[in-house]
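Residue numbers (full-length UniProt numbering), protein chains in the order written: chain H, 1 to 333; chain V, 1 to 333.
No lab work stands behind these hints: they were computed from the structure. One or more of the hints may lead you astray.
For lysine-lysine, the following DSS-like pairs were computed, each having C-alpha atoms within a straight-line distance of at most 30 Å [what the hints assert, rightly or not]: (1) H:Lys199 / V:Lys277; (2) H:Lys277 / V:Lys59; (3) V:Lys59 / H:Lys59.
Negatives, chain V to chain H, calculated, CB over 12 Å [claimed, not checked]: (4) Asp71; (5) Arg97; (6) Ile232; (7) Gln250; (8) Gln252.
All values derive from a computational prediction rather than experimental measurement. Every residue gets a Cβ at the ideal spot worked out from N, C-alpha and C, and that includes glycine.
Protein chains: 2
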Amino acid sequence: MEVLCLPRLPRVAVCGGTHGNELSGVYLVRELLKAKKQALKEEKEEKPLSVLMVLGNPKAVQLCRRYVDTDLNRCFTHAILNCPLSDRPPYEMIRSRDLNALLGPKGTRESVDLVCDLHNTTANMGLCFIAYSDCDWICLHIFKYLQMQLPDVPMRYIHFDVSNKESYSLDSVGKHGFAMEIGPQPHGVVRSNIYTAMKLGVQHMMDWIHFFNSGTIFEGGLVEVFTMVKNIDYPRDSETRNITAAIHPQLQDRDFCLLHPGDPLFQTFSGETLSYKGKEPLYPFFINECAYYEKGIALSLARKRRVIIPAIRVQTEEEQQANEENFASEEED
Amino acid sequence: MEVLCLPRLPRVAVCGGTHGNELSGVYLVRELLKAKKQALKEEKEEKPLSVLMVLGNPKAVQLCRRYVDTDLNRCFTHAILNCPLSDRPPYEMIRSRDLNALLGPKGTRESVDLVCDLHNTTANMGLCFIAYSDCDWICLHIFKYLQMQLPDVPMRYIHFDVSNKESYSLDSVGKHGFAMEIGPQPHGVVRSNIYTAMKLGVQHMMDWIHFFNSGTIFEGGLVEVFTMVKNIDYPRDSETRNITAAIHPQLQDRDFCLLHPGDPLFQTFSGETLSYKGKEPLYPFFINECAYYEKGIALSLARKRRVIIPAIRVQTEEEQQANEENFASEEED
C-alpha cells in the first residue's frame, strides 16, 4: 500500500458565528470556550495541539443577524483583504482583516493548518462539508472519518470549483479548510438535534487530527463529491423584482435527490407549477436557504462523482524537516 | 333550536407583514392585492363586501426583519395608541397610529368588523387562531368552519386571556379579530405548503363571511380552546444572560402534545437533560419560536377545555336597525 505523507496539523481553528444568526455554531463555540477555560482552571495538561476557538462576527451575533454591513463570509479574497479601505469601511471589512491576521495571513506559511467554520442552513442538507478543493486529502479524510463515526447523520461533501485566488470564505484563510454546514435549522433558532450533530462532528474531527498527528495511517478509498454546477434564482416580477413563486412542495426538503428535466421546480403564488428546464439531471442543494433570497439563489445544482483518495499518514520529523528545507530553497530560487 | 342573531360583517381587513420576515402573509397579501387589481381592471362587479388588504409593516418587509425599531404587534393598546409621542418616535409607533386610523379607531363603531392578521412561526403549530376572547362567536364559528373545510390541516384555537384594555395586537383594532398563525416556517423563508394552507384558510374565511352575511344559519357545537396559562424562559447564564440550553429533542416539534411533570424540557449545551417542574400537565405551544428568544419565552403552556358555541345567523335589516337605535339611545343616556 502506498501511503502519502503529509505535514502535521499543529494549529487548528474552529469558528462559529461568522453568520451571526446561525446559532448552533455560536453556542458550540461558546461551549468549547467554557470547557477550555474550565480545563485551564483545573490546570489540566495542555495538549500538544493548539485549538483556536473564534466567534467570527461578534457584532452580528449580538444583533442575531447574518451580518452588520456586508456578508463577512464573502470578504476573504486576496483582493478584498488587501484593497485600500474607505474612511468609514463596513464593519465586516475591518473584521475580515482582524481574522486574517489571527488565522492567516491567507496563503502564507504562518496561517493555521486547518480552519473549520461552522454554519447552519434552513435547507434540509444534513451535515455538509463545503470546500474549494476536491483533492485536499486532509479535508476528504476527515469527511470519510466522520461518515464512519456518525452513520445516522446524512453527510455530503460539496466542492465549489473556485480558484484559490477567488475563494472568499473564512475557511480559505487556513492551509486546509472547510465549512461544516448543518440543517435544517431556522436562522435565529437553535435546535438540539442540529446542535448535537455539529458538536459530535467537531469532536470527531478533533479526534481525527489527534490520531493523524500521532502517526495513525488512514486507509484510502472512495468519497462521493458533489461539485457545484450552477445556481437557479426564483421567478421574479419584472418591475418590483419581488419573487412570484416558492420552491415546489415536491422539491422542498429533497436536497441531494436527483432533479430531472421536467420535474416540478416552483409553485407560483397563484398556484401554477413551473418545471425544471435543464438538459441533464442534477443534484439540488441549498433548496430554499433563507439567506440566499437576497443573493438571487433559490437552489444550487451539483454533479456527483467519486473521488479516489490515497492512504495518508503524518510526515516523520525528518521528512518534515527535509520538506521545509526544500521549501526554503524553492523560495530562494 | 335557538339561534343567536349577530350584526352583519360588511367590512373586513386581511393583514400580512405585520412582522416583516413572516413571509407567507407578505406574499399572500401581495397576491390578493394583485387579484383585486385584476378584477377591477376587468370591471368585475364589486362584491357587497369590502375587503381591505393591508401590509402591516412595509418598512420591516423591505428589510425582511420582524420590525424596524420595536415590535409593531405590541403597539395597539389604548395606552400606546394614545400616549404623547417623543420628538423622534420609533417607526412602529407612527405606523400603529396609521393602522388604527385605517382600521379603527379601536373600540369604536367606526372600526372594521373583522381583522384577520396573518403570521408565521418557526414552531410546529399547524394553523392556529389566536384571539383574546373565548366567547367571540364570530371567530369561533369561522374556526369551526375552517376545521371542517381543511380536515388535513392541524388546527387549534388559542385564547390569550387578556382584557380588551390590555390587548396589544393589530387584530384587536377590529370589532372582531384574530391572528392566523401558521408554522413551521423559518422567518425570512416562504414554504409552499405553509403558504397554501394560509391561502386556503383565508379563502374559506371569506366564504364563511359571505355565507353569514347572506343569511346562512350556522349550527352550534363544541370547540376545543387552548387558554394560555404561562410562559417558560430558557435557562440562562446569570452573568451574560445568554441561554445555556435548547429545547429538548423529545419536546421539539411536539406543540399541543401534553407535557407532564418530569418530562424532558431542555437539553443544556453540555448535554444535560432538564425536566419540566410544573405541578400539572399542560399543553405546550410556540415551542422554540425564533422571535421569542429576545422576549424570554422558550415555550408557552395552555390548559385545554371545550367551549359550547351557539347557533348563529345574521340579523335582518329590521333587527339591525332596532339594535342600532338601542345603541344610540344607550349612548345618549
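(request) Examine each Cβ of chain H, and state whether all of them lie more than 12 Å from the Cβ of Asp71 of chain V. (result) 14 Å, holds
(request) Find the nearest Cβ of chain H to the Cβ of Gln252 of chain V and say whether that gap is larger than 12 Å. (result) The assertion about Gln252 of chain V is violated, with a minimum of 6 Å to chain H.
(request) Taking the shortest Cβ-to-Cβ distance between Ile232 of chain V and chain H, state whether it exceeds 12 Å. (result) 16 Å, holds
(message) For Lys59 of chain V and Lys59 of chain H, compute the direct alpha-carbon distance and say whether it is at most 30 Å.
(response) 23 Å, holds
(request) Below or equal to 30 Å on CA atoms is what counts here, so check Lys277 of chain H against Lys59 of chain V. (result) With Cα atoms ~36 Å apart, Lys277 of chain H and Lys59 of chain V exceed 30 Å; violated.
(message) Check the hint pairing Lys199 of chain H with Lys277 of chain V against an upper bound of 30 Å on the C-alpha distance.
(response) At roughly 28 Å apart (the allowed maximum being 30 Å), Lys277 of chain V and Lys199 of chain H satisfy the hint.
(request) Would you assess whether Gln250 of chain V, listed as outside the interface, keeps its beta-carbon beyond 12 Å of every beta-carbon in chain H? (result) Given that some Cβ of chain H is not farther than 12 Å from that of Gln250 of chain V, nearest at about 9 Å, it is violated.
(request) Would you assess whether Arg97 of chain V, listed as outside the interface, keeps its beta-carbon beyond 12 Å of every beta-carbon in chain H? (result) Fine: 27 Å to the nearest Cβ keeps Arg97 of chain V off the interface.
Hints 2, 7, 8, counting from the list given before, are not met by this structure.
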